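Novice: Listed in order, the protein sequences are those of chains A and B.
Under this note's numbering, the first residue of the first sequence carries the number 1, and numbering increases by one thereafter.
Under this note's numbering, the first residue of the second sequence carries the number 1, and numbering increases by one thereafter.
Do not take every clue at face value.
[As the list claims (entries may be wrong)] Okay, derived cross-link-like pairs now, DSS-like style, lysine-lysine, Cα gap no bigger than 30 Å in a straight line: (1) B:Lys5 to B:Lys31; (2) B:Lys296 to B:Lys38; (3) B:Lys254 to B:Lys568; (4) B:Lys511 to A:Lys49; (5) A:Lys186 to A:Lys15; (6) B:Lys591 to A:Lys49.
[As the list claims (entries may be wrong)] What follows is a set of in silico ranges between Cβ atoms, one per label pair, in the way DEER data are often shown: (7) A:Arg133 to B:Arg354: 53 to 63 Å; (8) B:Ile609 to A:Val196: 35 to 45 Å; (9) B:Glu67 to A:Tyr139: 37 to 47 Å; (10) B:Ile609 to A:Ala23: 19 to 29 Å; (11) A:Leu138 to B:Glu6: 12 to 22 Å.
Just so you know, the hints here were simulated from the structure itself, not pulled from any lab data.
Since we're looking at a predicted model, the values are computed, not measured.
C-beta atoms are modelled at their ideal positions from N, C-alpha and C, and glycine is treated no differently.
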Amino acid sequence: MTIVPNRLGVKFNLKREPAIAAADIVPIFQRWIQEHTVDGMLIDVIDYKHVPEGPGVILIADEGDYAYDFSDGQVGLHYIRKRNLPGILSDALLLAFRIALGAALCLEDEAPGDIEFDFSSAKISFLDRQRYRNDPSLYAALQDDLSAILAEIYGCEIALERAYDDPRLNFALRVSAQSSSVDGHKLLARLSERPVSVQ
Amino acid sequence: MNTWKEQLADQIPAEMGVLIDTFEAQIELRKQGKLDEKVFAEQRLRKGAYGQRYDNGQRHDGVRTRELSYPSGELVKGPDTLWDAPGMQRIKIPYGGLTAEQLEVLSELADEYADGILHITTRQDIQLHYVHIDDTPDLMRRLAAVGITTQEACGNSVRNITACTLAGVCHDEVFDVSPYADAMMRFLLDHDDVQDFGRKFKVAFSGCAGHACGLVKMHDLGLLAQTREIDGETKRGFTVFVGGGLGTVPQQAKVLADFATEEQLLPLAQAVSRVFARLGEKKNRNRARIKFLVSKLGIDEFRREVQEELKTVPHDDRHTAYLDTLGDFAYKPAKAGMALNGTPLPDGFSDWYRTNVYHQTQSGYSTITLNTPLGDFTAMQGFQLAEIARRYVGDNIRLSVEQNVVLRWVADADLPAIYRELCEIGLGDAGAGTIVDITACPGTDTCKLGIASSRGLTAELRTRLIERINLLPDAVRELKIKVSGCFNSCGQHHVADIGFFGNSRRSGNHKMPHFQVVLGGQWQENAGSYGLAVGAVPAKHIPEVLEALTNRYVAERGNDENFQTWVKNLGRKEIKAMLQPYMKLPSFDDKPGFFSDWGDSRVYTIDDIGVGECAGEVVSLFSLEIARAESAHFEALLALDEGNYPLVDQQAYKAMVLAARALVRTKYLDVGDDYGNIVNEFRSRFYETELVYDRFAKGKFARYLFKRHDQPPTQVGEDYAHQLIDETQLFIENIHSAEQRINGVIVS
Ligand code: HEM
Ligand code: SF4
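If we strip away everything but chain A, and leave its shape as in the complex, we get:
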């Protein structure tokens, strides 16, 4: 099964609630646009911090958006790849994962010691209800393939589970590396060596 969804999301959560306020993310993202800190054609920043458990502050880009996101009651960095996804699912996952990881590391640099991600797990969302209905049978059919792809990304055994049971929500997975610690920088360095062809 290699069908690539329309959009693909990868979210890393913070280890703990940081001291930095959501409002302070706005100038960071604005500066990222000026300095082209993260991948893509960066467009604008939009502030939704008034919405509880929402996308928080979003850095909008042409290919994919970066959100300092509060969904599921967890603060984290959510990258949603919207366009130019590679034509092979493993490549698409690798690309989105790598860009999300890179952006999260940049965010750690903005508030060292305060913003700290837990890279040992991630939420992967398939935003495409045409091809990826959120039902258990689809998960059962895809579980092995997806586990293999994600294990390769992490370079170790992983555990996989569905993030939501509600069939109305998007098909999303929670992946956890079965390794004592995952170092974001090392992971990124390893993943950056792998070529990905973007459509």
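Following the hints, put chain B with the ligands in place on chain A, whose structure we already have.
Specialist: Just chain B with the ligands now, kept in the frame of chain A:
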């Protein structure tokens, strides 16, 4: 099944499917450079697909203006509007009424095509932002499958029809206006007589004269429920207002008819539309709303025109057919009505109960308002809300012009439970309809015309006011604040106690975001009077201005003096004096923070303001209609590629008839949809008169149409299909040149 089109084929009503397929074909034609950018822009706007800030490919990043190099390069979706630039999709929700299923589909779309947020507008619509134009046909199909259309959500056409959120459950209403709003929406949607407007046309219904909810007096066409005794029988009808509007030149509507019966309602609306299409300004869009026509003619002359027009409106069964189904409009609550009994009340319940709960006229039921911050909620909240609605109220969801979600038909006994559940999903805030529940237009966040950040200011005021809500005197708590990002007043600042609209002033070499303060507008009596502009204040001073104003109001107001009267008595001069200390402009070195807008860290600039699409493109009716013919021709080409020859025949024939119709309608608006009629009219008006004759080929191209019309093929093979497609192409070209010869310029 691999596409939404295939998957939803059986669920999409045929007419809606055709409109969406046509639009999809136009997207392709535009990409191939075969459809004029202005014509495409107007078609796109009519589908509710708006441009968004920075779609001209430029943005000031706080240091310099940067080029946004979208991958599609030069390709545009309208003048100066780049193809790949994120856009806004407006979705029409007539009178704000939603079912649980519709709310779920809207949430899916926000999740998959937008930024995860559903935004409620000041006219009961839903907007999604950062949508790519290529995603819009599927987005529209998924909506159509649950009975929602985006048709004519923007552009020069009949916009969403609004009505009181309490219609049907209100103590003060004369009768429930919802089914009438529904009927008028269906009747006018994509109607031939509403295609040739110079500007947008907004319709609102209200159930009573005294309260605010319907705001009929600020609409192009406003309908106020009334009853009259006629021949000993109580008849339902409406007082009809025309020519109201906000915008730069706000105007109160005039009475067109004291009483129009329910039978007269739709023909009258149609006649008004025809007069507006015929006599309304087309060239100068700043004077093209119907209010200018009413002013120019005077209401008496305008009325006479409408009465004359009524005589020419062709008979249509739909004018009264809806009256037979009014009874179908009965509401189905999920639970039996029951009084609030002795269940223990959750924390915060009584504050919420005081401001967010309205007791319906049906005993044992309440309507509750969800104080939805800035009109925004997440896709996840949408799903959760749909689930709550199913359990407690069924399909009785509405959106309000104050940008809130409203649940009707809650059994009173369920109020504590539903409150608890709403708190769990972050929608249990008290203070609905109070000073904390501020209305705001999109402003500089996403609007191309935004001058100052209406939403940034609103978020800031909301945060500050919520902290103090319990300390505020009742007189202050009851005030309404509305904010627009510029003078266009999409945030309806004219009809708030305290309104703000964005502008800018210069201090040294820098621009500074400002808000003009507008005081004493009236929400009551259907937006009975508009506020007074008293001066522009730096955006960063607005919270202090608000505090100064409300403090003085509380201190000085006479017994029961309301804000409007207080403002009027105090006078513009005195108020200006009060604002004076806040109007001084600090220098950049002194207070650099004043040179950034609320919620934005960039140094402020007005360089990002673009050309708005509020007016739509002024494109002739002919251009719009011939574009439909061209997309049918395009679909015929697609069918040819698939080897589906019967479909080629069908689409090509349709393309020729539509092209003929486009030309016929330049002389005879009421030709209708019947193929036979269209061909006959075309024959007598353009063929027999030789008007359509080509210099060399004479009537040859026109005869292609007659041939296909008079002798439908019995068998359709590949050769036939090829030939028909070529003939169709020639015929369409022929119509184009004939129209230019006969009527002059095509695109104005
Ligand atoms: C010259 C251009 C424009 C004018 C004169 C204008 C005027 C207005 C007015 C007077 C209203 C609302 C009051 C009513 O209920 O009648 C309105 C509604 C609205 N406008 Fe504009 N507007 C313009 C352009 C825009 C643009 C560019 C945007 C940004 C995308 C925008 C966003 C809105 C929204 C969100 C509403 C509530 C919408 C609805 O659901 O119909 N407007 N506009
Ligand atoms: S009031 Fe101005 S800034 Fe606000 S939406 Fe309308 S045009 Fe845009």
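Novice: All hints, please: hold or fail.
Specialist: Status of the hints after comparison with the structure:
Taken as a hint, the Lys5 (chain B) and Lys31 (chain B) pair is honoured in the structure, with Cα atoms around 20 Å apart against an allowance of 30 Å. In summary, the hint linking Lys296 (chain B) to Lys38 (chain B) is supported, as the alpha carbons are separated by about 29 Å, within the 30 Å threshold. Straight-line distance between C-alpha atoms of Lys254 (chain B) and Lys568 (chain B) comes to about 24 Å, which keeps the hinted pair within the 30 Å bound. For the hint linking Lys511 (chain B) to Lys49 (chain A), the alpha-carbon distance of about 27 Å falls within 30 Å, and the restraint holds.
Proximity of Lys186 (chain A) to Lys15 (chain A) is assessed by CA-CA distance (about 18 Å); at most 30 Å being required, the pair is judged to hold. Between Lys591 (chain B) and Lys49 (chain A) the CA atoms are separated by roughly 26 Å; this keeps the pair inside 30 Å, and the hint holds. In this structure the hint that Arg133 (chain A) and Arg354 (chain B) lie 53 to 63 Å apart at CB is violated, the actual value being about 43 Å. Taken as a hint, the range 35 to 45 Å holds for the pair Ile609 (chain B) and Val196 (chain A), whose Cβ atoms sit roughly 39 Å apart.
Hint check: Glu67 (chain B) to Tyr139 (chain A), Cβ distance near 44 Å, so the stated range 37 to 47 Å holds. One distance hint, 19 to 29 Å for the beta-carbon pair Ile609 (chain B) and Ala23 (chain A), holds here, with the actual separation near 25 Å. Against the hinted window of 12 to 22 Å, the Cβ-Cβ separation of Leu138 (chain A) and Glu6 (chain B) comes to about 19 Å, which satisfies the hint.
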